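Protein chains: 2
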Amino acid sequence: MEIPYKIYLEESELPTQWYNVRADMKNKPAPLLNPANGEPAGLDMLSAVFCRELAEQELDNDTAYIDIPEEIQSFYKMYRPSPLVRAYCLEKALGTPAKIYYKFEGNNTSGSHKLNSAIAQAFYAKKQGLKGVTTETGAGQWGTALSMACAYFGLDCKVYMVKVSYEQKPFRREVMRTYGANVTPSPSETTEVGRKILAEFPGTTGSLGCAISEAVEVALHTEGYRYVLGSVLNQVLLHQSVIGLESMAACDKYDIKPDIIIGCAGGGSNLGGLISPFMGRKLRGEADYRFIAVEPASCPSLTRGKFAYDFCDTGKVCPLAKMYTLGSGFIPSPNHAGGLRYHGMSSIISQLYDDGLMEARSCEQTSVFDAAQQFARIEGILPAPESSHAIRVAIDEAMRCKETGEEKTILFGLTGTGYFDMVAYQKYNDGEMTDYIPTDEDIAKSLAALPDVR
Amino acid sequence: MEIPYKIYLEESELPTQWYNVRADMKNKPAPLLNPANGEPAGLDMLSAVFCRELAEQELDNDTAYIDIPEEIQSFYKMYRPSPLVRAYCLEKALGTPAKIYYKFEGNNTSGSHKLNSAIAQAFYAKKQGLKGVTTETGAGQWGTALSMACAYFGLDCKVYMVKVSYEQKPFRREVMRTYGANVTPSPSETTEVGRKILAEFPGTTGSLGCAISEAVEVALHTEGYRYVLGSVLNQVLLHQSVIGLESMAACDKYDIKPDIIIGCAGGGSNLGGLISPFMGRKLRGEADYRFIAVEPASCPSLTRGKFAYDFCDTGKVCPLAKMYTLGSGFIPSPNHAGGLRYHGMSSIISQLYDDGLMEARSCEQTSVFDAAQQFARIEGILPAPESSHAIRVAIDEAMRCKETGEEKTILFGLTGTGYFDMVAYQKYNDGEMTDYIPTDEDIAKSLAALPDVR
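Going line by line, the protein sequences match chains A and B. Residue numbering for the first sequence follows this note's numbering, starting at 1 and increasing by one per position. Residue numbering for the second sequence follows this note's numbering, starting at 1 and increasing by one per position.
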């Protein structure tokens, strides 16, 4: 059968349920722990921070398929299905016998896959009768996605944006404001933790860890508000499974059998979403695939971190998660672009990796932008720096096929576009981009501060 | 039949020929004239500036269907078909009985429909064995599209970017550089006309008219180069007919019968492309439609200009075109955003309008951004300011249907996204956007300088 350049599923073929890979995992991801007493965080504790139904999803290790509410399906139809694209032009340019496909999640105004979970979290907040939600954003994709979702459901949206991004990415900020969000540079005078940090470090430009702490504080102390998070959590991977389910349906429809499935990995939400249903088949013994998580060499949690309980935020107010981590005090080199700068990794991805069910690889920034530029020129899409990590490894694998003559089928996740990342592209275009790989001492130092659990 | 949210044609349903509306026009658009002697510009004169096949297309008033070369069809498949979207959510929010559809051309890295003609013009340049092309860009969408097209075919691309945009839109510039284009702020020291203007006005931030003159000069004086233009020309409307052909195929497939077809109008390329095949049916007496061109109140060439021969560029080096014009010296208020700031209008659109086959309407900037924000929040797409002119009138017409109870079907062109227009959105968000409508004296003054032709 001839494969079109872009496969769009019909509306009748779209997923109506999310897939929860935990149901098929033999070793379940470890539970979140209450930092105060080391006990597993239960529904009551989680419901104080998250919407109740989301807290239930967070804890549900057993239900394989969960219905996607109709309201969310309607919203999905405005920007989904995303296309599964056959990279004919890239294959030709590389001269590889490999077949390359990518699932492109960038064709929506948030510019990435983040919208898949944002709309779900906003829906459950609305359903619970809440007035609004709080969150933090660094690069701004998550904040934009949540602003769009809240505008749709008429919810207030308070975004704490890391101050350096607030100042350096005014356009991202304006997109969020256009969608009606209240955007505050963090640290701010609006929270106790913000005032404390400002008093201690008056000139600080903020950090994601601090912004999380501010957003959580506001959610806990404002009637009718809850906190939402765009990655790492089990619930987020559940919502993102729509990426993998659509990919799998498109592959099955055209009899495409991926050998290698590749995704970039920061907190793990896009990767987890893409691979989940394929991993389910592998866990059930129905098919086999190689899965490759790609992370930046500057923030290598899977490839050089430790599998242990750690704080999710620098402020240490959130529950502890068992994950591959570099230590919550780890700070990636500031000249490195992208949204993959998280010290930890989704507990689900961490467990699957620890069980030997998937691989991980790290890439240096300059080689990632080499791949980004090549891809942009050949396939016509300007990729986000994060997504370009997956492109790098997809090209590497395709070139390996060229050497060996193998006709492997490669599928990778192209999570988003780079329109708001032109400062990084400019550095690359000007030949001023540098690479930084943390030393073993750097990592050992931040790992030394892991909390003492059990 | 139930209409999906988004209609994507199958690859087998995509147009393989462009449609040339001139073939069905009783009154043909007036020919371009040689400014030196007032004689119609023939193939030889046009071939010195444009690629030969494009010059032939420019002059062809008779051939109704022209084959789209296979190489261009392949490139189209990377980002086309664009979706025809049913605006279910907008209809619901407005409470209108009208059915609203939009053809969305923003899902490619250039961010607009401009790529449809850029790839065609680059293809013919490559086919002719040229080394490269030159062009000018203001807002940057055309320059980006051409850079992408040239990267694909391995052509050099020299872009003269209006200096004020070069400085204020560094991200646009970097996208072009990422695609390998050579971007020069205009006026520059690289051309005679640039040096002359810089000597006369040392602090000037440039203008589109000056950038055109520089790009044309370089094309004329560099071996193996030609000049390309992103709007206004007959050839560009021909290439853009792919928008209308896809729209018509999708409408026919689902038995959608538009009553009103709306597009924003700067040089007229998107509007002309969208309406061409529908206009063809109207011209042949097969169907009837209302067509509405929407222009900014700050630059109202159709609604307040004169139908006359005028210069296409401020430097007066290009052929004269008969068109609705405000005079080539007309300068729209600088605080007005968008790519609709051209003093003239496509000769085809001008003729159709003069023949009473279509309507025109002008909108003020603030009301356009009201519509943009409303659309963004409801339909999830952040529209370009240009495109938002069409949204404004589509909403107005839908609200009229609400008053009268008529169930009209409205189709409008959503030409692009506003990711690089956040400075304008910021002004709007901050309540600092203003409107400006030129006085009759302003317009009379620039019209007084029309060239004396026949």
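Hints should not be assumed to be uniformly reliable.
As the list makes no split between identical chains, a pair holds if one copy fits it or if it spans any two.
[As the list claims (entries may be wrong)] Derived SDA-like pairs: lysine to any residue, alpha-carbon spacing no greater than 25 Å straight-line:
no.	residue 1	residue 2
1	Lys77	Gln374
2	Lys77	Leu9
3	Lys306	Ala199
4	Lys6	Asp259
5	Lys282	Ile68
6	Lys253	Pro4
These are computed hints drawn from the structure, not numbers from a lab. Quick caveat: nothing in here was measured; it's all calculated off a predicted structure.
Here is how each hint holds up against the structure:
1. Proximity of Lys77 to Gln374 under the C-alpha cut-off of 25 Å is restricted to the inter-copy arrangement: shortest distance 19 Å between copies versus 31 Å within a copy.
2. Both within a single protomer and between protomers do Lys77 and Leu9 lie at most 25 Å apart by alpha-carbon distance, with minima of 11 Å and 16 Å respectively.
3. With identical chains, the CA atoms of Lys306 and Ala199 are never at most 25 Å apart, being 33 Å at best within one copy and 65 Å at best between copies.
4. In the homo-oligomer, the alpha carbons of Lys6 and Asp259 lie at most 25 Å apart inside one protomer (19 Å), although the nearest pairing across protomers, at 31 Å, exceeds that limit.
5. With identical chains, the CA atoms of Lys282 and Ile68 are at most 25 Å apart within one copy only, with a shortest distance of 24 Å there and 45 Å across copies.
6. Taking identical chains as interchangeable, the C-alpha atoms of Lys253 and Pro4 lie at most 25 Å apart whether they share a chain (12 Å) or sit on different chains (20 Å).
Going through the hint list in order, the structure does not satisfy hint 3, though it satisfies all others.
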